[in-house]
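So the chains spell out like this:
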Amino acid sequence: MNPNLKIKLGRISLKNPVLAASGTFGYGEDYSRFIDLNQLGGIITKTVTLEPKEGNRPPRLAETPSGLLNSIGLENPGLKVFLREKLPFLQQFNTALVVNIAGEKEEEYLRLAERLDRVKGIDALEINISCPNVKTGGLIFGTKPRLVFSLVKRIREVTDIPLITKLTPNVTDIAEIAQAAEEAGTEALSLINTLVGMAIDVETRKPKLGNVTGGLSGPAIRPIAIRMVRQTFQKVNLPLIGVGGIMTAEDALEFILAGASAVAIGTANFIDPKTMIKVRDGIREYLRQNNIGEFKDLIGWLNLD
Amino acid sequence: MNPNLKIKLGRISLKNPVLAASGTFGYGEDYSRFIDLNQLGGIITKTVTLEPKEGNRPPRLAETPSGLLNSIGLENPGLKVFLREKLPFLQQFNTALVVNIAGEKEEEYLRLAERLDRVKGIDALEINISCPNVKTGGLIFGTKPRLVFSLVKRIREVTDIPLITKLTPNVTDIAEIAQAAEEAGTEALSLINTLVGMAIDVETRKPKLGNVTGGLSGPAIRPIAIRMVRQTFQKVNLPLIGVGGIMTAEDALEFILAGASAVAIGTANFIDPKTMIKVRDGIREYLRQNNIGEFKDLIGWLNLD
Amino acid sequence: MYQVIAEVLSNKNITLNYFKITLNAPEICQDAQPGQFVHVKVTAGYAPLLRRPFSIHDTRDENLEILYQVVGEGTAFLSQKEKGEKLDLLGPLGQGFESKENFRKVILVAGGIGVAPLYFLAKRLLNHDSKISDQAPLKSCHPKIIVLLGAGIRKQILCAQDFKNLGATVKIATEDGSWGYKGLVSDFLAETLLPYSKPDLVFACGPLPMLKKIAQLSRKYRLSSQVSLEQRMGCGIGACLGCVVTSPEGYLRVCKDGPVFRVNQILWERL
Amino acid sequence: MYQVIAEVLSNKNITLNYFKITLNAPEICQDAQPGQFVHVKVTAGYAPLLRRPFSIHDTRDENLEILYQVVGEGTAFLSQKEKGEKLDLLGPLGQGFESKENFRKVILVAGGIGVAPLYFLAKRLLNHDSKISDQAPLKSCHPKIIVLLGAGIRKQILCAQDFKNLGATVKIATEDGSWGYKGLVSDFLAETLLPYSKPDLVFACGPLPMLKKIAQLSRKYRLSSQVSLEQRMGCGIGACLGCVVTSPEGYLRVCKDGPVFRVNQILWERL
Ligand SMILES: Cc1cc2nc3c(=O)[nH]c(=O)nc-3n(C[C@H](O)[C@H](O)[C@H](O)COP(=O)(O)OP(=O)(O)OC[C@H]3O[C@@H](n4cnc5c(N)ncnc54)[C@H](O)[C@@H]3O)c2cc1C
Ligand SMILES: Cc1cc2nc3c(=O)[nH]c(=O)nc-3n(C[C@H](O)[C@H](O)[C@H](O)COP(=O)(O)OP(=O)(O)OC[C@H]3O[C@@H](n4cnc5c(N)ncnc54)[C@H](O)[C@@H]3O)c2cc1C
Ligand SMILES: Cc1cc2nc3c(=O)[nH]c(=O)nc-3n(C[C@H](O)[C@H](O)[C@H](O)COP(=O)(O)O)c2cc1C
Ligand SMILES: Cc1cc2nc3c(=O)[nH]c(=O)nc-3n(C[C@H](O)[C@H](O)[C@H](O)COP(=O)(O)O)c2cc1C
Ligand code: FES
Ligand code: FES
Numbered sequence: 008m009n010p011n012l013k014i015k016l017g018r019i020s021l022k023n024p025v026l027a028a029s030g031t032f033g034y035g036e037d038y039s040r041f042i043d044l045n046q047l048g049g050i051i052t053k054t055v056t057l058e059p060k061e062g063n064r065p066p067r068l069a070e071t072p073s074g075l076l077n078s079i080g081l082e083n084p085g086l087k088v089f090l091r092e093k094l095p096f097l098q099q100f101n102t103a104l105v106v107n108i109a110g111e112k113e114e115e116y117l118r119l120a121e122r123l124d125r126v127k128g129i130d131a132l133e134i135n136i137s138c139p140n141v142k143t144g145g146l147i148f149g150t151k152p153r154l155v156f157s158l159v160k161r162i163r164e165v166t167d168i169p170l171i172t173k174l175t176p177n178v179t180d181i182a183e184i185a186q187a188a189e190e191a192g193t194e195a196l197s198l199i200n201t202l203v204g205m206a207i208d209v210e211t212r213k214p215k216l217g218n219v220t221g222g223l224s225g226p227a228i229r230p231i232a233i234r235m236v237r238q239t240f241q242k243v244n245l246p247l248i249g250v251g252g253i254m255t256a257e258d259a260l261e262f263i264l265a266g267a268s269a270v271a272i273g274t275a276n277f278i279d280p281k282t283m284i285k286v287r288d289g290i291r292e293y294l295r296q297n298n299i300g301e302f303k304d305l306i307g308w309l310n311l312d
Numbered sequence: 008m009n010p011n012l013k014i015k016l017g018r019i020s021l022k023n024p025v026l027a028a029s030g031t032f033g034y035g036e037d038y039s040r041f042i043d044l045n046q047l048g049g050i051i052t053k054t055v056t057l058e059p060k061e062g063n064r065p066p067r068l069a070e071t072p073s074g075l076l077n078s079i080g081l082e083n084p085g086l087k088v089f090l091r092e093k094l095p096f097l098q099q100f101n102t103a104l105v106v107n108i109a110g111e112k113e114e115e116y117l118r119l120a121e122r123l124d125r126v127k128g129i130d131a132l133e134i135n136i137s138c139p140n141v142k143t144g145g146l147i148f149g150t151k152p153r154l155v156f157s158l159v160k161r162i163r164e165v166t167d168i169p170l171i172t173k174l175t176p177n178v179t180d181i182a183e184i185a186q187a188a189e190e191a192g193t194e195a196l197s198l199i200n201t202l203v204g205m206a207i208d209v210e211t212r213k214p215k216l217g218n219v220t221g222g223l224s225g226p227a228i229r230p231i232a233i234r235m236v237r238q239t240f241q242k243v244n245l246p247l248i249g250v251g252g253i254m255t256a257e258d259a260l261e262f263i264l265a266g267a268s269a270v271a272i273g274t275a276n277f278i279d280p281k282t283m284i285k286v287r288d289g290i291r292e293y294l295r296q297n298n299i300g301e302f303k304d305l306i307g308w309l310n311l312d
Numbered sequence: 004m005y006q007v008i009a010e011v012l013s014n015k016n017i018t019l020n021y022f023k024i025t026l027n028a029p030e031i032c033q034d035a036q037p038g039q040f041v042h043v044k045v046t047a048g049y050a051p052l053l054r055r056p057f058s059i060h061d062t063r064d065e066n067l068e069i070l071y072q073v074v075g076e077g078t079a080f081l082s083q084k085e086k087g088e089k090l091d092l093l094g095p096l097g098q099g100f101e102s103k104e105n106f107r108k109v110i111l112v113a114g115g116i117g118v119a120p121l122y123f124l125a126k127r128l129l130n131h132d133s134k135i136s137d138q139a140p141l142k143s144c145h146p147k148i149i150v151l152l153g154a155g156i157r158k159q160i161l162c163a164q165d166f167k168n169l170g171a172t173v174k175i176a177t178e179d180g181s182w183g184y185k186g187l188v189s190d191f192l193a194e195t196l197l198p199y200s201k202p203d204l205v206f207a208c209g210p211l212p213m214l215k216k217i218a219q220l221s222r223k224y225r226l227s228s229q230v231s232l233e234q235r236m237g238c239g240i241g242a243c244l245g246c247v248v249t250s251p252e253g254y255l256r257v258c259k260d261g262p263v264f265r266v267n268q269i270l271w272e273r274l
Numbered sequence: 004m005y006q007v008i009a010e011v012l013s014n015k016n017i018t019l020n021y022f023k024i025t026l027n028a029p030e031i032c033q034d035a036q037p038g039q040f041v042h043v044k045v046t047a048g049y050a051p052l053l054r055r056p057f058s059i060h061d062t063r064d065e066n067l068e069i070l071y072q073v074v075g076e077g078t079a080f081l082s083q084k085e086k087g088e089k090l091d092l093l094g095p096l097g098q099g100f101e102s103k104e105n106f107r108k109v110i111l112v113a114g115g116i117g118v119a120p121l122y123f124l125a126k127r128l129l130n131h132d133s134k135i136s137d138q139a140p141l142k143s144c145h146p147k148i149i150v151l152l153g154a155g156i157r158k159q160i161l162c163a164q165d166f167k168n169l170g171a172t173v174k175i176a177t178e179d180g181s182w183g184y185k186g187l188v189s190d191f192l193a194e195t196l197l198p199y200s201k202p203d204l205v206f207a208c209g210p211l212p213m214l215k216k217i218a219q220l221s222r223k224y225r226l227s228s229q230v231s232l233e234q235r236m237g238c239g240i241g242a243c244l245g246c247v248v249t250s251p252e253g254y255l256r257v258c259k260d261g262p263v264f265r266v267n268q269i270l271w272e273r274l
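Residue numbers (this note's numbering), protein chains in the order written: chain Y, 8 to 312; chain H, 8 to 312; chain P, 4 to 274; chain C, 4 to 274.
Just so you know, these hints were derived from the structure itself, not from any lab.
Be aware that a few hints might be false.
[To be verified] Stretch by stretch, here's where chain H covers chain P in the computed footprint (C-beta under 8 Å, at least three residues):
{"#": "1", "region": "44-51"}
{"#": "2", "region": "148-160"}
{"#": "3", "region": "229-241"}
[What the hints assert, rightly or not] Listing some non-contacts, in silico: residues in chain C with all C-beta distances to chain P over 12 Å:
{"#": "4", "residue": "Thr-18"}
{"#": "5", "residue": "Asn-27"}
{"#": "6", "residue": "Thr-46"}
{"#": "7", "residue": "Gly-170"}
{"#": "8", "residue": "Gly-253"}
For every residue, glycine included, the Cβ atom is placed at its ideal position computed from N, Cα and C.
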């Protein structure tokens with residue numbers, strides 16, 4: 008039996024459910040030296056902003072038990088350079104292309120969406136709402152249902168590209184935010200982004216990150232991510248992309264059983280560039296062993312008694 | 008030099024800043040076979056409720072990368088048995104005694120506080136506000152500043168015992184909750200309780216916990232806890248007890264540099280019953296090596312440039 | 004109950020993925036009772052995070068033996084320990100097997116690695132060990148001990164000769180029939196022993212389905228049976244309430260109220 | 004750039020906490036340039052989570068050498084690898100040392116373990132290695148190579164004889180004066196070499212204060228110097244932007260734009 012790994016997230020078609028998570032895979036070039044990008048379900052680009060962004064001061068990485076703190080700060084060359092220098096490379100591959108966008112004001116998101124709307128070969132936009140909203144005094148967009156609703160709805164109005172909204176876990180009730188995005192017309196949800204964390208070097212008494220705090224990723228956060236996927240799965244009717252600490256096919260399967268229709272791999276790429284291929288193969292093998300012909304039948308299949 | 012480890016958290020005097028975290032140390036008896044309880048800065052009891060509580064169905068524990076999920080569900084024999092059978096044992100020791108209380112309704116907390124108010128030898132009450140509030144339809148007390156303010160204020164009115172409010176990390180803005188507790192008159196804050204998480208056995212497709220979700224503790228959550236201590240330290244003027252993934256003196260020092268006046272050790276007790284003693288000794292050694300005579304001078308000493 | 008840093012004296016791969024580790028742990032040996040366990044820190048790192056519980060398989064003077072099967076990360080780490088290395092142990096922990104009255108016939112039923120605690124028990128029952136608990140001497144005159152060893156295949160049958168050397172009667176069941184009765188050890192018990200003669204006591208350790216079957220047979224034949232249960236453990240000493248099983252009167256802790264329980268202490272349908 | 008599973012051929016403790024590991028990695032050796040590095044997965048578990056970067060110390064046919072110091076968890080794991088075990092490597096990565104013009108005198112400055120990449124460089128500069136980069140031959144005629152080795156104490160001076168065997172002039176500085184100049188190697192450079200004769204190129208690797216001093220001296224004496232920098236790395240291949248250092252034109256990635264930089268590429272006051 009050769010199980011069918013194809014899956015649709017709304018209007019987004021994936022040949023398999025394994026994507027590269029935003030910010031951990033750059034714009035694909037570097038990893039194309041190590042793996043065949045045609046094998047991936049999709050690539051979610053590093054966040055693109057309207058103008059170039061310098062990012063935070065180094066050090067930008069610190070290790071914690073089974074976790075990684077990063078404070079890259081959305082460094083990216085800006086939309087213009089992205090379109091000119093990064094996109095053409097990505098367009099060569101037979102894999103879903105998701106462009107992750109962010110801004111500090113609603114208008115920035117809208118301008119990004121408008122401009123990308125005219126570009127060929129983009130399968131979806133992933134809206135990163137973990138940015139501080141300048142207008143509301145630095146409050147994170149993604150923590151207020153009202154802001155999320157308004158943002159997604161307005162982006163929805165300026166483009167027809169399918170939208171994926173990427174949720175932050177640093178909230179009291181992620182399902183509430185998910186519902187706001189659903190009502191506003193998002194096609195799918197990605198969860199989770201990183202949890203805000205901090206580490207201190209006790210010898211120098213300095214924070215280990217130049218930016219003091221950073222985002223925690225890696226296997227440490229996996230149980231939190233799985234819970235949030237489950238919680239959201241029970242409240243919304245949208246396909247979910249599970250993200251957070253996936254290192255193996257087994258980890259990915261946990262997310263899928265919890266309700267994810269696809270998974271994205273972040274930190275694990277750093278540890279083994281072949282992770283995504285191995286996860287895809289492992290999911291296929293699991294389906295085969297369990298005599299399940301269609302990947303999609305596995306989604307949310309949790310035995311509760 | 009023999010550094011002075013004594014520290015006051017408001018009216019609560021500790022001979023050293025290392026306490027046993029609630030729920031991981033029972034009522035002290037079991038661990039008294041392995042360590043001298045007189046050496047501890049304090050003992051925070053397992054949560055006591057008004058009536059006996061059966062707790063959740065097993066399995067109640069699952070390991071995750073550098074973390075532990077538990078779904079004990081506040082199993083405890085109730086106030087009456089606690090007072091009769093557990094308290095007398097704890098009262099023998101020369102260490103601060105903190106009784107952790109919880110309820111599903113405000114009234115339960117108030118009754119607990121009233122009854123404990125009449126008992127000798129209790130140095131503080133720790134208010135566990137991570138319980139679902141039955142009145143507001145299962146919403147967790149600790150996630151709404153308004154509920155926290157009202158709860159702490161009313162407890163404040165029925166007892167003169169110093170109050171420590173234990174904060175849940177499953178919120179968008181922990182400092183906001185901390186401020187509500189401060190305004191309501193808490194003497195100190197403990198943070199953090201566990202993060203809600205979940206794990207799935209992909210072979211059986213069942214959740215690894217009988218209760219489906221549980222609380223994540225251990226080193227995996229430490230960077231999140233340290234960040235929350237720092238964030239709260241910047242917003243309130245209360246002494247903080249740092250909790251979350253402390254395994255070594257170095258870990259404890261991270262919390263102290265981030266702003267904690269004391270630390271509580273949970274999961275690490277399971278791994279090594281001597282952890283608390285080792286952490287105390289390690290803090291003393293650090294002070295000695297850095298020529299710091301008073302523990303309290305170290306609190307919040309973060310080098311930022 | 005002690006926390007000791009015990010030196011590894013030997014750690015041998017017996018067969019397949021089964022190992023026997025011998026540790027120098029005088030205090031624990033001094034107090035150990037059959038059915039009790041030790042809680043072992045198998046690595047200095049955080050993977051796995053928690054200790055791992057293992058039954059006491061035997062004590063010889065100051066030396067403690069653990070018989071274990073490699074099933075995951077923790078036991079894999081344990082299997083890599085070499086002579087001279089140190090292990091951090093808590094023990095002896097929990098309530099062991101109990102036998103207060105005089106009895107003539109006892110059956111010990113082991114499923115797979117469940118044989119681990121039963122050797123120590125047989126040794127005490129047959130008085131091969133001078134150190135009998137002061138409070139509850141297991142046995143004063145020589146009883147008849149029948150040991151049923153069950154496993155999937157012949158190679159998984161452990162300790163058969165050891166039990167014989169103690170003077171016990173050993174009977175074997177393998178699922179593939181490669182040694183002894185073909186089938187489950189619990190079926191063997193049900194079909195060939197219980198219908199003909201009632202033992203005074205049954206002691207069992209093994210996989211849950213086997214123990215359930217024994218609980219069922221115990222009701223049917225009104226046997227007084229004791230079983231050693233497993234549950235994932237946190238503290239191992241009774242403090243965290245993580246390792247509970249359901250009894251008619253509420254939850255019991257495997258680590259402190261057990262791991263050995265009388266079959267009627269347990270609500271089997273909830274396991 | 005390859006991901007290879009390389010067999011450990013040997014792993015020796017040279018002195019103190021310094022080790023040399025030899026790996027069979029034909030593809031990497033084939034492409035390796037002095038100053039490039041490999042990104043090594045030192046354990047199968049999650050502690051440490053990330054790979055660890057190490058300069059290429061030498062290549063001999065298919066064999067890759069890494070010279071390393073045990074400073075933490077990752078290097079401790081590496082030091083335990085035994086002959087026959089396998090290691091997962093990414094490499095060769097990054098931009099190495101560059102030298103396009105002809106030159107007569109070159110100074111190599113090593114602080115402590117910073118000597119690691121310089122041996123491979125010296126070998127290429129002195130044409131002891133047939134495989135010179137096609138694009139950028141490091142040197143065509145035999146230059147004078149002066150190697151300054153600095154460390155805290157005599158025992159920490161590594162590879163002195165190896166450099167001599169290549170035909171380089173070796174000078175030593177130790178902080179405690181137990182061998183050669185007493186003091187920092189950068190002071191040695193500043194006091195006894197630069198005032199008397201200007202090298203065509205300075206290549207350096209070592210602790211940050213040493214490199215800062217060399218940057219300063221390079222400005223003063225208008226030297227064209229190249230230094231190998233360190234920064235904690237995520238991907239190691241340019242994708243994550245985790246390993247940046249500050250340049251006048253913004254951030255540069257140590258893993259891809261470096262690890263070797265010309266001193267004037269770096270905003271030293273921001274390091
Ligand atoms: C009181 C007691 C006594 C025991 N005595 C022995 C003994 O003498 N010899 C021996 O080989 N084993 C014994 N065990 C079981 C032993 O503790 C587990 O095999 C061990 O903890 C597994 O650790 P691991 O990291 O290798 O496997 P893990 O990676 O933790 O798990 C591997 C598999 O084993 C299962 N598992 C793990 N721990 C337990 C557990 N405690 N109960 C049930 N299933 C578990 C997991 O669900 C998983 O399927 C005993 C258990 C208890 C509770
Ligand atoms: C391009 C490059 C080439 C290198 N080449 C070599 C080499 O040839 N030989 C060698 O011994 N080492 C080399 N290093 C340094 C080596 O990577 C670190 O020593 C190693 O990663 C430490 O890992 P650990 O887990 O043992 O220590 P950790 O526990 O991670 O850290 C121990 C101490 O070392 C510091 N540290 C860890 N990693 C780095 C780093 N990347 N940069 C600066 N400080 C760090 C930590 O802050 C801490 O103080 C190189 C580093 C880079 C970036
Ligand atoms: C170094 C790094 C950079 C990241 N950059 C971005 C980003 O630019 N945009 C974004 O939406 N998420 C970003 N993320 C978050 C990841 O996409 C992912 O949500 C998170 O890391 C959890 O998954 P993981 O544990 O598999 O890494 C970044 C993560 C890391 C580790
Ligand atoms: C098994 C277990 C039981 C717990 N029970 C309680 C409890 O009853 N009341 C409470 O306030 N916190 C309880 N906690 C939370 C701890 O007190 C602590 O806040 C948390 O575990 C984080 O610290 P740690 O990482 O050091 O364990 C429990 C934690 C564990 C692991
Ligand atoms: S393991 Fe903690 S009570 Fe049993
Ligand atoms: S380590 Fe990822 S860009 Fe350099």
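Right, here's what the structure says about each hint:
no., hint, in the structure
1, 44-51, "holds (count 4)"
2, 148-160, "violated (count 0)"
3, 229-241, "holds (count 8)"
4, Thr-18, "25 Å, holds"
5, Asn-27, "25 Å, holds"
6, Thr-46, "9 Å, violated"
7, Gly-170, "46 Å, holds"
8, Gly-253, "38 Å, holds"
In this structure, the hints that do not hold are numbers 2 and 6, in rising order.
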